[in-house]
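Asks: Next come the chains, spelled out residue by residue.
Number of protein chains: 2
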Amino acid sequence: MPNSDQPEHISSSYEGELRRLRDMIARMGGLAERQVAESTEALVRHDTDLAGEVIQRDAAIDALEREIEAYCIRLLALRAPVAGDLRLIVAAMKVAHDLERIGDYARNAAKRTLVVAQQPQVGSLNGFQRMARLVLENLKNAIDALVEDDAERAEEVWGADEPVDDIYNGIFREMLTHMMEDPRNITAATHLLFIAKNLERIGDHATNIAETVHFAVSGDTLPEDRPKSDTASYAVVRPPG
Amino acid sequence: MPNSDQPEHISSSYEGELRRLRDMIARMGGLAERQVAESTEALVRHDTDLAGEVIQRDAAIDALEREIEAYCIRLLALRAPVAGDLRLIVAAMKVAHDLERIGDYARNAAKRTLVVAQQPQVGSLNGFQRMARLVLENLKNAIDALVEDDAERAEEVWGADEPVDDIYNGIFREMLTHMMEDPRNITAATHLLFIAKNLERIGDHATNIAETVHFAVSGDTLPEDRPKSDTASYAVVRPPG
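Just so you know, the sequences run in chain order V and P.
Each residue of the first sequence is one higher than the last, beginning at 1 in UniProt numbering.
Each residue of the second sequence is one higher than the last, beginning at 1 in UniProt numbering.
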């Protein structure tokens with residue numbers, strides 16, 4: 001009979017525990033990717049059912065974050081890790097938190113999609129699809145870098161955020177122009193602006209994850225000034241005529 | 001002569017180290033509060049010099065986060081803490097990250113203030129001042145709760161976010177109405193929307209800090225569903241006439 005005093009989720013081998021931790025992060029990363037992909041799909045297809053599913057599913061990501069944090073605190077207490085193992089465990093908590101934030105942004109985008117779907121169509125949504133594709137690629141690479149202990153791959157992600165910012169800056173200007181052309185566009189365009197901002201923030205979190213993973217794997221921090229070109233915070237668009 | 005192999009910032013007493021950690025968080029919290037207060041002051045007074053100072057000063061907050069994280073990793077490695085001390089150290093890393101995010105939101109608000117100050121005035125900025133006041137109170141109480149090991153105070157903050165959301169929802173609708181009335185308001189109103197959203201997110205981070213502190217001090221987690229009423233994600237405003 002198994003000893004019921006032994007918590008099921010602390011395995012007998014330390015190596016096995018660290019592997020299990022990587023698996024938990026991989027699972028959470030996969031779920032976060034799905035949320036980002038499906039919230040964008042829901043937007044582009046005006047699919048309010050799918051948006052509703054994304055909103056519901058966010059609770060599973062939140063639960064995974066709590067599970068990972070609790071597991072990490074147990075490992076810290078029971079194994080007193082040092083060096084690379086300690087960095088991995090601290091990184092896992094940070095990455096889980098970034099993934100939880102990513103889930104929140106995807107849920108918020110899905111909420112806004114419920115409104116946008118009822119409004120007149122404003123411009124093309126191609127930019128949103130392109131942003132989502134780039135962000136998802138970065139997110140996947142950052143998580144894979146953690147799971148596979150690959151500092152180089154993490155560093156590649158860290159430098160790959162710029163095209164995301166460029167698309168975001170373009171969408172910002174485009175949406176303001178639509179608003180100025182016709183006040184009936186304002187509600188939808190405002191929510192679309194925030195959805196674009198959510199995708200941009202998701203991209204930032206993917207970059208954060210890459211930085212965290214790079215430090216965890218190599219012990220070296222990346223330079224502070226990463227390539228970054230969000231100029232939309234300074235954008236001015238003038239009304240026509 | 002002092003032994004130069006002994007890192008200056010790991011003091012000889014464990015108690016002293018934990019006190020020093022709380023002091024670092026208090027210092028970082030104070031700096032974050034100042035950034036939020038001054039970015040709002042810059043907005044309300046159209047003070048672009050002050051906005052510029054806020055933007056410059058953000059680097060000091062980022063540096064403090066790195067310092068706190070490095071200190072925590074040293075403490076974990078050298079002291080192998082358990083129970084309440086372990087929770088405090090993990091909490092310190094999480095809180096430092098929340099404060100870094102708060103600093104980023106304040107800096108972003110300051111950047112947008114540079115644009116808003118050049119645009120025609122859109123409505124009243126009283127709502128922004130009220131939001132900032134509430135958010136700062138929550139932030140201060142959450143940090144004090146950590147420094148003073150006060151779980152009750154943390155729990156009070158955790159329940160106090162609702163008025164912030166109410167003001168934010170009001171600003172959201174007001175700004176959309178201004179946009180619809182006159183397209184010349186659109187650039188300023190859009191940046192003001194994002195500034196309001198930044199303040200609302202700062203409020204969320206203050207609540208996160210309160211949750212983290214409550215767990216660190218008491219070992220108990222607060223319920224998952226905290227009072228929360230951001231309805232702006234669903235808002236629809238119709239053009240006049």
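No lab work stands behind these hints: they were computed from the structure.
Do not take every clue at face value.
To be verified - Residues of chain V placed beyond 12 Å of chain P at every Cβ, according to the derived structure:
no. : residue
1   : 17
2   : 77
3   : 98
4   : 160
Said to hold, decoys possible - To give a feel for the contact side, a few chain P residues facing chain V, derived at Cβ under 8 Å:
no. : residue
5   : 31
6   : 55
7   : 76
8   : 180
9   : 190
All values derive from a computational prediction rather than experimental measurement.
Note that beta-carbon positions come from the ideal geometry of N, C-alpha and C, so glycine has one too.
Asks: Determine whether the non-interface label on residue 77 of chain V survives the test: each CB of chain P must be over 12 Å from its CB.
Replies: Violated, since 5 Å does not exceed 12 Å.
Asks: Over 12 Å to the closest beta carbon of chain P is the bar; see if residue 98 of chain V clears it.
Replies: violated (9 Å)
Asks: Does the closest beta carbon of chain V sit nearer than 8 Å to the beta carbon of residue 76 of chain P?
Replies: holds (6 Å)
Asks: Any CB of chain V closer than 8 Å to the CB of residue 55 of chain P?
Replies: Constraint on residue 55 of chain P not satisfied, violated at 10 Å.
Asks: Is the interface hint satisfied for residue 190 of chain P? The criterion is a beta-carbon contact with chain V at less than 8 Å.
Replies: Since the shortest Cβ distance to chain V is 6 Å, the answer is holds.
Asks: Holds or violated: is the Cβ of residue 180 of chain P closer than 8 Å to a Cβ in chain V?
Replies: The hint holds - residue 180 of chain P has a Cβ within 8 Å of chain V, the shortest such distance being about 4 Å.
Asks: May I ask you to check that residue 17 of chain V keeps its beta-carbon over 12 Å from the closest beta-carbon of chain P?
Replies: Per Cβ check, residue 17 of chain V is outside 12 Å of chain P; nearest 16 Å; holds.
Asks: For the restraint on residue 31 of chain P, tell me whether the closest CB of chain V is nearer than 8 Å.
Replies: violated (17 Å)
Asks: Against chain P, does residue 160 of chain V keep a CB gap of more than 12 Å to every residue?
Replies: The assertion about residue 160 of chain V holds, with a minimum of 20 Å to chain P.
Hint compliance for this structure: hints 2, 3, 5, 6 are not met, and every other hint is.
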